[in-house]
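J.: Following the hints, complete the assembly by docking chain B onto the known chain A.
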Amino acid sequence: MSIYKTAVNRPVFTALLYVAIAVFGIFSLSKLSISNFPDVDSSSVMVMTTYSGASAEDIEANISKVLENSLNSVPNLKHITSRSSENTSLITMEFVQGINMDEAMNNIRDKLDMVADYLPDGASTPMLFKFGSEEMPILILSVTAKESMNGLYKILDDRVVTELERIDGVGTVGISGIPEREVHVNCDPYKLEAYGLTIEGISKVIAAENQNTPAGSIDIGSDTYSLRVQKEFTDASQLRDLVVGTSNGAAVYLKDIAVVKDTVEERSQESYTNNLKGGQIVIQKQAGANSVNIAKAVKAKLPEIIKTLPSDVKIGVIVDSSDSIINTIGSLGNTIIIILLIVMLVVYLFLGRWRATFVIVLTIPISLLAALIYLFATKNTLNIISMSALSIAIGMVVDNAIVVLENITTHIERGSKPKQAAIYATNEVGIAVMASTLTTIAVFLPLTMIKGMTGVLFKQLGWMVTIILSVSTLAAMTLTPMLCSKLLVANPKSSRFHDIVFKPITTFLQWLGDAYAKLLAWALHHKALVLCCAAAIFLVVIIPWARNMKTEFFPTEDNGRISATVELPMGTRQEITRNVAMRITDEWLSKYPEVERCNFTEGVSEKSTVFAAMSTRGTNIISFNVRLCSASKRKRTLGEICDCMRNDLKQYPEIRIAQVTEGGFMGGMGGQSSVDVEIYGYDFAATDKIAAELMEKMKKEPSVSQVTVSRDQYTPEYRVDFDREKLALHGLNSATAASYLRNRINGSVDSYYREDGDEYDIRVRSAREFRTSLEDIENIMLYNSAGQGVRIGDVARIRESYSPPTIERKDRQRVITVYCVVAHGAATSDVIKTATKHMGEIEMPIGITYKFGGSYEDQKEMFSDIITLMMLIIILVYIIMAAQFESLKYPFAIMFSIPFALVGVVIGLWLNGQAMGVMTLLGVLMLVGIVVNNGIVLIDYTRLCRERGDSIFDAVVKAGRSRLRPILMTTLTTVFGMIPMAVGHGEGSEMWRPLGVSVAWGLSFSTVVTLVLIPVIYSLFAKSDKNTKMIAAEEVKRIEEKAAETEETIKQ
Amino acid sequence: MKAVFIAYNQAHHEDVLAVMESLGIKGYTYWEELAGEGSKDGDPHLGTHAWPTRNGALLTIVDDDKVAKFMEYLHKLDLAFPQQGLRTFVWNVEATV
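Quick mapping for you: the protein sequence lines, in order, are chains A and B. Sequential numbering from 660 applies to the first sequence in this note's numbering. Sequential numbering from 132 applies to the second sequence in this note's numbering.
Quick caveat, the hints were computed from the structure, so don't treat them as lab data. Be aware that a few hints might be false.
What the hints assert, rightly or not - Derived pair list, reagent style EDC-like, types lysine to aspartate or glutamate, alpha-carbon separation capped at 20 Å: (1) A:1688 - B:174; (2) A:664 - B:164; (3) A:1078 - B:164; (4) A:1145 - B:174; (5) A:664 - B:145; (6) A:1209 - A:1517; (7) A:1078 - B:209; (8) A:890 - A:868; (9) A:1078 - B:145; (10) A:863 - A:824; (11) A:1076 - B:196; (12) A:664 - B:163; (13) A:966 - A:982; (14) A:1076 - B:145; (15) A:914 - A:1409.
To be verified - Which residues of chain B face chain A? A few of them, derived with a C-beta cut under 7 Å, are: (16) 138; (17) 181; (18) 212; (19) 214; (20) 219; (21) 223.
Stated by the list, open to error - Computed from the model, here is a short list of chain B residues facing chain A with C-beta under 10 Å: (22) 140; (23) 143; (24) 145; (25) 146; (26) 166; (27) 167; (28) 169; (29) 170; (30) 172; (31) 180; (32) 184; (33) 185; (34) 188; (35) 199; (36) 213; (37) 215.
Positions of the beta carbon are idealized from the N, C-alpha and C atoms, including for glycine.
So that you can see chain A by itself, here it is in the shape it has in the complex:
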């Protein structure tokens, strides 16, 4: 028994089956987490090696090069880059997306083991860690306080950080911008000299006095007691009365020679929000955790935490990466609902019967919910890709149900009972429905098989659409006939209202059918003209476009976030930097009402983290985090505001380098698009010169809004150059001398002050007023082991010098990168073009090469992936059609609708001023599967008419008139389904707008052309075909001839 028969005969079973799907779907929907993009595993691994005392060049030669040469042979490696700076080498290995990272890590470990012996003796063991976008902060909270400022670090650390870290999925929680408590012992060097004391000695005395020592156990009588010396300081003021030495028989107390302060660290990172000082709490998530869920959990917990804090401590949100994700997915959700309503309206207008509309529209939620079950089962999320898949599919899922319902209606009108009609009518169209679904699935299923970045993105889309279409086909063959058998009636009574609304529509459709039939008749008589016109349209649109093609990777997503890095001249004092930052903040706050919050941090934290190793920090660097109000509430886009900000920063003469980043992060999907010109060459001076020249030229280009160079300047510094001979004469060596210097300037930390289970540094050094000039340094007294003193000025020369920049290498060559940010309104390809032109003008010494990296490299890779895929899909679609028609030439005729889809896409891009990006290409890819469906319907029916005995001309016109309505209906549902995506203005809409535009334009244009061109091409191909009457006549003739032959043989 066929499935449709079972379905019709067992309505309860069928209905409940789909109710079950819907229930599971709704359950999945309630459990699904949301995110921006499908989970992308981090594909970068870093190897950090330290070698103290080595300069950048030594590190490059002895560590980076050695490691690179060995690590280069790890399989699936895409790029290997390294940063060699003083003391550290940081190698970043970028792998092909989607590979097993655990395996890659093991391979790297093996290679590191092999090379370990070749590293210098003093070098540390290379440290290995994974790093990806998921380790970026997902939430940054601002903290402001008044009275509690001094104890703020401890308050936050105890009550906020520990609480937040307890939340599932939260990685590390860090506090920045709030100085940590320290006990300072600020000594007067001249008093020390007078008493013959040293900072080292004092530091040791403090350490020795600040100890609790267990002294063993003692038996007294029948009991055992433990003995303990408890001499740890219980208050910082106790330090003052410490005896640090004797002079003339009298004790010298610490208070005689130094000032003891229980205070906060001297140098720290400072953070200001809207020019109000405060701190930051930076929350990172664990790898693989969901940002939105964590952000939600953190925000839910915050009010509880705030209750426990002193009343003057205020906590706000600076960066919330979940905001834009929630809004983006929300606006996509709204789009889906709009699409659903539009599709419903189109179906109702065409059918004019609400019961039929209900039957058809019901397949939409069922197939979409089935796809949600898939998402839930595979632990995926609702993201831009999966939501786009849902909205794309809505217009397509109704197609099959429409075909089935139409045929059932025909049968009922012919006099069948609804139940019988439902069974037999479905049986008739079953194969055709499956074939047309197959051509569409042929497009989407291969998407699940590609690798790399493209694969990660489109895998979900491929599966989602495949599942949605399969379920919709299944529903069209079971649920639709079942509902038809129950709901449809032979001659529905129509109300007067119904007549008023639908009479004109019916008349219009009738008229349209007649007009189309006339047009077809004309076209069949002017075949050459039609073909020439079609060719002309194609060439006129495609040739100028192909010559002048603008391409981009992904559109920049307007998430309302801007980050900016401003560098003042090297060595600028923190106070001056802060002042500039405040002026910039004031200007931005007054100039851009869109700015909700402007936060900046400056200064160097004394702690070093992985982040610190990767980024350049200094007292001269300010980093801004700006949050704008949501996209729908402002007129200017993110790109426009960023361009204005870049211009603002150019007005400050003291700014050396300014970098404004749209979206808060560089490159990748939805980030700012940039073209990185990588200049490879060993000679620093030569590559610097080329980079500078290119930078100057690119700065003048209107298509580029910002140009920066990766290589830092030489940093000015003072070098204390000890004379070894003189040191030796005084019984000293460089290391001892250097430690004396360090202890006086940076301080010596030998002991910790403990309170409530926390440890605070006790830092002994010269008081601030004794370390403000070069003379102060020259006056520092060094002591040898015999206790004889000599001043630094006598054994060393202090001279101004420059420390070389970090040496960057990529793929085992020294590299300097010029980053060019694509200006608002320009395309990546424009920048590539101008950069290529300028590089051609610059004279290149031998041995220096350049290439384009950054998002352009990813773009190139993805484009070539998609184009290869498109070829495969076209072949696959052809094979499926050829199998269905059992013919090689008719599918070929139908394929002619594909180039015109491209023409439509180009026109759409041109009208919208968009560049060709990955999303557009995805649209084109989908079009391949969608546009052929119209041709299939048309040619299928034409062939049916021919089989029924019509002439070619009659068959073409008849089929055209009869199939116009279903073609228009299925096309309009898809096109109207795309329009809300194409004109959307919600947050994140930049991402999918190109997709909507390309599908809507491509499908409409190709449908219009297909309706005329395909029948004409068909008629050319079908000429040699014979219809049934001709075949019969030929057969009779053949029999007669054969009979005559036989008769003649008998006669002979």
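T.: Positioned in the frame of chain A, the structure of chain B alone reads:
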């Protein structure tokens, strides 16, 4: 006893059974999926790409007195839905066991 052979569009099957039920005719043989074409007008029922509908056929042996009534009902059925197609042929039954 007469043999009545009815060839009709599958979709009529329930109607034909209803007519037989109302006349108290029991016992029949039914072929579900058949191909056929009418001799006058109407669409062929071939189950092909061009003519996807199918015919069914039913053979039943009816008492002489019921034949006229049966034929009349079947004719009415054909008149009601002329597009579906229904043809009936009657001949004598020589012997049965």
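J.: Next, verify each hint and record whether it holds.
T.: Each hint tested on the structure:
{"no.": "1", "hint": "A:1688 - B:174", "verdict": "16 Å, holds"}
{"no.": "2", "hint": "A:664 - B:164", "verdict": "14 Å, holds"}
{"no.": "3", "hint": "A:1078 - B:164", "verdict": "17 Å, holds"}
{"no.": "4", "hint": "A:1145 - B:174", "verdict": "27 Å, violated"}
{"no.": "5", "hint": "A:664 - B:145", "verdict": "14 Å, holds"}
{"no.": "6", "hint": "A:1209 - A:1517", "verdict": "16 Å, holds"}
{"no.": "7", "hint": "A:1078 - B:209", "verdict": "19 Å, holds"}
{"no.": "8", "hint": "A:890 - A:868", "verdict": "7 Å, holds"}
{"no.": "9", "hint": "A:1078 - B:145", "verdict": "10 Å, holds"}
{"no.": "10", "hint": "A:863 - A:824", "verdict": "37 Å, violated"}
{"no.": "11", "hint": "A:1076 - B:196", "verdict": "30 Å, violated"}
{"no.": "12", "hint": "A:664 - B:163", "verdict": "14 Å, holds"}
{"no.": "13", "hint": "A:966 - A:982", "verdict": "24 Å, violated"}
{"no.": "14", "hint": "A:1076 - B:145", "verdict": "9 Å, holds"}
{"no.": "15", "hint": "A:914 - A:1409", "verdict": "19 Å, holds"}
{"no.": "16", "hint": "138", "verdict": "16 Å, violated"}
{"no.": "17", "hint": "181", "verdict": "3 Å, holds"}
{"no.": "18", "hint": "212", "verdict": "3 Å, holds"}
{"no.": "19", "hint": "214", "verdict": "4 Å, holds"}
{"no.": "20", "hint": "219", "verdict": "17 Å, violated"}
{"no.": "21", "hint": "223", "verdict": "32 Å, violated"}
{"no.": "22", "hint": "140", "verdict": "8 Å, holds"}
{"no.": "23", "hint": "143", "verdict": "8 Å, holds"}
{"no.": "24", "hint": "145", "verdict": "6 Å, holds"}
{"no.": "25", "hint": "146", "verdict": "8 Å, holds"}
{"no.": "26", "hint": "166", "verdict": "14 Å, violated"}
{"no.": "27", "hint": "167", "verdict": "15 Å, violated"}
{"no.": "28", "hint": "169", "verdict": "14 Å, violated"}
{"no.": "29", "hint": "170", "verdict": "17 Å, violated"}
{"no.": "30", "hint": "172", "verdict": "14 Å, violated"}
{"no.": "31", "hint": "180", "verdict": "6 Å, holds"}
{"no.": "32", "hint": "184", "verdict": "7 Å, holds"}
{"no.": "33", "hint": "185", "verdict": "7 Å, holds"}
{"no.": "34", "hint": "188", "verdict": "15 Å, violated"}
{"no.": "35", "hint": "199", "verdict": "24 Å, violated"}
{"no.": "36", "hint": "213", "verdict": "8 Å, holds"}
{"no.": "37", "hint": "215", "verdict": "5 Å, holds"}
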